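Chains as they are written, first to last, in the numbering used here: chain S, 343 to 824; chain E, 71 to 524.
Just so you know, these hints were derived from the structure itself, not from any lab. One should not assume that every hint holds.
Chain E side only, calculated, beta carbon under 7 angstroms to chain S, not exhaustive [unchecked claim]:
(1) 143
(2) 165
(3) 267
(4) 453
(5) 461
(6) 481
(7) 486
Derived EDC-like pairs (lysine to aspartate or glutamate); straight-line CA-CA distance at most 20 angstroms [stated by the list, open to error]:
(8) S:499 / E:169
(9) S:482 / E:169
(10) S:541 / E:491
Everything numeric in this text was worked out from a predicted model, so none of it was measured. Heads up, the beta-carbon is just placed ideally off N, CA and C, and yes, glycines get one too.
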Amino acid sequence: MANELIQPDKFFLSRFGMTEGALERILGAALERKADYADLYFEYRSAEGLSLEDSIVNRTSKSLSHGVGVRVCAEDRTGYAYSDEVTVDRMRLAAEAARAIAHGGGEASVAVQVGRQVPRHALYELESTPLEVPLEQRAKLLNEIDRVAREFDPRVKSVMASFAAERKIVMVVNSEGRIAADVQPLCRLNVTVIAADDKGRQAGSSGGGGRVEWSFFFEDERWREHALTAARQAITNLDAVDAPAGEMVVVLGPGWPGILLHEAIGHGLEGDFNRKGTSAFSGRIGQRVASEFCTVVDDGTIPNRRGSLNIDDEGTPTSRTVLIEKGILRGYLQDRLNARLMKMAPTGNGRRESFAHAPMPRMTNTFMLPGGSTAEEILGSVRNGLYAVSFGGGQVDITNGRFVFSASEAYLIEDGKVTRPVKGATLIGNGPDVLTRVTMVGNDLALDPGIGTCGKDGQSVPVGVGLPTIRIDGITVGGTRA
Amino acid sequence: MASVEAGEAGVDLAQWGLEQARAAGAGAAEVLIVSAESLSAGVRMGEVEKLKSSRERRLGVRVFVGQSSATAATAEFERKALGEFIADTVRLARLTAPDQWSGLPDPALHPRHLPELELSDPSSGIIEADRALEIARTAERAALGADRRIKNSEGAEFDSGRYRVVFANSQGFAGEYAGTTYSLAVAPIAEEDGAMQPGHWYTQNRRFDGLEEAASVGLTAAKRALRKLGARKIKTTRAPIVFDPEMAASLLRALAGAASGPSLYRGASFLAGRLGSEIASSGVTIIDDGTIRGGLGSKPFDGEGLPITRKSVVEGGVLKTYLLDCYSARRLGLAPTGNAARAVGEAPSVSPANLYLQPDRYSPAEIIRSVKHGLYLTELIGFGVNSVTGDYSRGASGMWIEDGELAYPVQEITIAGNLKEMFMSIEMIGNDLVWRSSTAAPTLKIAEMMIAGE
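Assemble the whole structure, with the sequences as input and the hints as a guide.
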């Protein structure tokens with residue numbers, strides 16, 4: 343095991359009996375019809391999960407998957423084929439299927455020499471992963487969470503808690519001869535609480551994790567915080583009044599509400615949509631798309647974060663990309679294909695869900711840099727508005743720019759004071775417009791606790807978001823109260 | 071190809087897996103093997119954009135030691151490694167807390183004969199790349215040629231695939247089935263005065279010849295993009311909402327989620343304790359039918375080897391049954407309904423098979439005509455449905471109705487209400503039920519909801 347951690351590339355060669363010569367021949371065959379580029383993506387993933395309900399850990403599961411994906415690119419065309427049998431024969435068949443995309447009439451194999459190692463970051467060199475922690479110990483933590491959440495309030499009726507951990511070993515070998523490999527640990531704790539009283543029932547949830555060791559959950563008693571947050575949210579929502587409907591001033595709390603940036607800005611700046619001219623942000627680099635208080639970055643290099651990677655899924659080291667600088671649109675998120683076609687540099691944002699998928703431009707950790715106001719000043723400045731601190735999911739229509747994100751914990755602001763909790767409501771806005779309405783940015787930037795999963799074109803990848811407290815002067819709140 | 075047709079990953083392998091589990095000390099076990107292959111072909115702006123060929127096979131087990139259980143999935147089919155993997159899963163079960171409700175179904179409930187449901191196209195198989203590309207190209211060409219304002223495209227994609235499911239348990243049930251799916255989707259973009267609007271349309275069927283014609287899919291997609299040009303925001307108001315069939319189907323999915331066993335026994339559903347009571351207006355009948363021949367959600371047995379059935383979930387507005395697997399049925403003191411769904415390596419979950427709302431007599435035009443001022447809803451975005459409370463708040467777009475006519479497109483608004491009240495206030499039901507996925511509904515009119523805009 344220790345050896346794999348040091349040399350993940352050697353893992354595949356020995357585990358599946360591959361040689362560098364075989365990889366060279368497969369890549370050469372993939373390029374045979376005058377393609378521009380080919381790569382092989384190897385993946386070996388092991389995962390374990392356990393969950394609690396009714397105060398017992400009654401479900402455990404594990405899974406093992408492996409496979410190889412072969413990609414061939416010719417101009418703007420992509421051929422992709424994969425197999426869950428990692429053998430030379432299967433890879434050759436996949437290469438033949440993938441190269442059908444290139445219609446040059448080439449006959450001869452192209453010489454490829456594999457061997458150049460790509461440097462990578464060292465963002466999550468763990469002593470051990472939660473997978474190595476005895477199951478009994480992981481189960482005990484879920485039982486403790488159950489106890490803490492139930493003790494919080496007698497109206498807590500049920501507690502569901504789960505812990506999932508995985509380890510992915512990946513290797514990318516491309517037709518330029520580069521080999522990049524990585525071991526990617528990831529884990530996540532999740533707590534959901536249902537509370538009920540004579541008026542009704544409500545749910546609350548909290549969770550977190552990242553590319554971290556087991557001890558992460560005990561620093562600052564994070565696990566207890568999640569149990570208490572879920573319980574408190576469910577209890578708070580029991581007293582929630584109907585949310586208002588219409589356009590109003592909204593203050594977003596720090597951390598996970600950064601999902602705003604992910605939906606409103608991030609997707610629209612992914613290279614594929616901009617190359618095709620199908621994004622509401624297409625052709626707008628250098629233009630003002632936000633107020634001067636807003637600087638937004640995507641950074642895949644933050645140690646131990648859920649959205650971070652040493653290398654992306656094309657073998658490019660991840661980086662920090664400035665998307666918006668003081669309100670001006672500066673950059674796109676690129677994978678290799680779109681970077682090449684747009685004559686830009688890859689930014690380390692080529693990601694995929696697994697070997698069964700071709701990579702595309704995706705976000706890593708997307709957040710806004712802090713400003714100068716305190717949260718108290720921002721809330722105190724609002725006469726009438728909504729203060730939203732926790733969210734469920736969001737979604738965006740990249741072409742027309744309309745995005746939504748749904749508050750799961752929110753309060754009214756009345757005369758500068760946070761008053762009554764309101765029921766969950768969806769907020770809707772227009773990506774290129776919403777940040778121009780940001781009038782105050784807090785000094786309290788926080789990243790989310792490690793819970794984000796982003797879906798695009800049927801592929802899910804882990805991501806992070808972050809935000810300081812911000813004030814938005816006008817966004818539509820989808821409540822039921824006129 | 072071998073993955074789907076060969077006997078190598080069939081019932082014999084499943085029986086062998088059950089034997090391994092028994093040898094490792096499991097008192098009961100299940101094995102599920104899913105193999106699938108597909109080819110997907112995409113064009114954009116008339117040119118080939120992507121070809122993707124897939125081939126996958128996974129084996130899942132659930133093992134019981136007393137009332138303790140564990141599940142596992144693997145891509146490893148080499149016998150020695152697989153045997154060790156199953157033995158490891160039995161060890162995992164021993165570390166899991168016993169659960170009094172867990173276990174295989176009552177063996178008397180397993181079907182003796184499996185129905186023939188015509189899940190596979192007998193003649194077409196996987197459609198080869200050149201033909202698939204041509205179909206996608208035809209659809210996109212029709213979209214691009216529909217109007218000069220269709221200036222760009224996210225492309226068109228044609229997919230064909232086949233799969234095979236093998237399931238066996240240690241109390242003697244074993245079954246298998248195979249199916250095919252074909253689909254075509256087109257996504258043109260309309261542009262006017264510097265603003266872009268995407269359109270999207272699709273067709274999907276188990277038979278290749280059951281697909282809607284490619285050019286007509288493209289034209290519909292273009293029309294859907296074009297009618298959104300010039301969309302505006304409207305003032306916040308309360309008004310009736312006409313859900314088009316696709317949007318109406320999304321309401322059914324939300325209801326099915328709340329009617330499913332796991333949400334109910336956890337007290338996480340607004341339908342808890344509502345069995346036998348009125349939950350929708352009296353014209354509403356919702357049926358779940360897994361026995362429809364060629365249905366996209368049909369299968370001969372459910373994820374625990376129980377017969378698939380046809381049943382009214384809601385009849386004349388009254389909630390008649392929940393959707394249950396064995397575990398949630400035992401928890402609720404009810405009989406399982408054959409709605410266990412199964413992903414390889416996971417415990418059963420619950421899902422409807424083919425779920426639909428029974429059509430009534432009104433044409434969509436009649437329904438729209440009945441509205442003085444209101445919204446014809448054609449798109450929803452976001453996840454603002456709370457199945458614990460029924461609270462509903464989602465991003466919306468569509469056409470504004472003035473005096474019974476579609477007047478202009480609207481966007482950047484939300485619609486909000488509560489599913490309990492929304493189902494109770496379904497005022498008119500259309501006659502236009504068309505199956506495009508495993509959930510279908512005709513056009514529906516809801517008396518009034520809050521629309522938030524400016």
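Here is what the structure says about each hint:
1. A cut of 7 angstroms between beta carbons decides the hint on residue 143 of chain E: the least distance to chain S is about 4 angstroms, and the hint holds.
2. Because the closest C-beta pair between residue 165 of chain E and chain S is about 5 angstroms apart, less than 7 angstroms, the hint holds.
3. Given hint, residue 267 of chain E at the interface with chain S, holds; its Cβ is 5 angstroms from that chain's nearest Cβ, closer than 7 angstroms.
4. The interface hint given for residue 453 of chain E holds, since its Cβ lies 4 angstroms from the closest Cβ of chain S, which is under the 7 angstroms cut-off.
5. Checking residue 461 of chain E against chain S: minimum C-beta separation of about 5 angstroms stays under 7 angstroms; hint holds.
6. Residue-level restraint check for residue 481 of chain E holds (minimum Cβ-Cβ distance to chain S is 6 angstroms; threshold 7 angstroms).
7. Taking 7 angstroms as the C-beta cut-off, the interface hint given for residue 486 of chain E holds, the closest approach to chain S being about 5 angstroms.
8. Of the supplied pair hints, the one linking residue 499 of chain S and residue 169 of chain E holds, its CA atoms being roughly 19 angstroms apart against a limit of 20 angstroms.
9. In summary, the hint linking residue 482 of chain S to residue 169 of chain E is supported, as the alpha carbons are separated by about 16 angstroms, within the 20 angstroms threshold.
10. For the proposed pair residue 541 of chain S and residue 491 of chain E, the alpha carbon gap of about 17 angstroms is at most 20 angstroms, so the pair holds.
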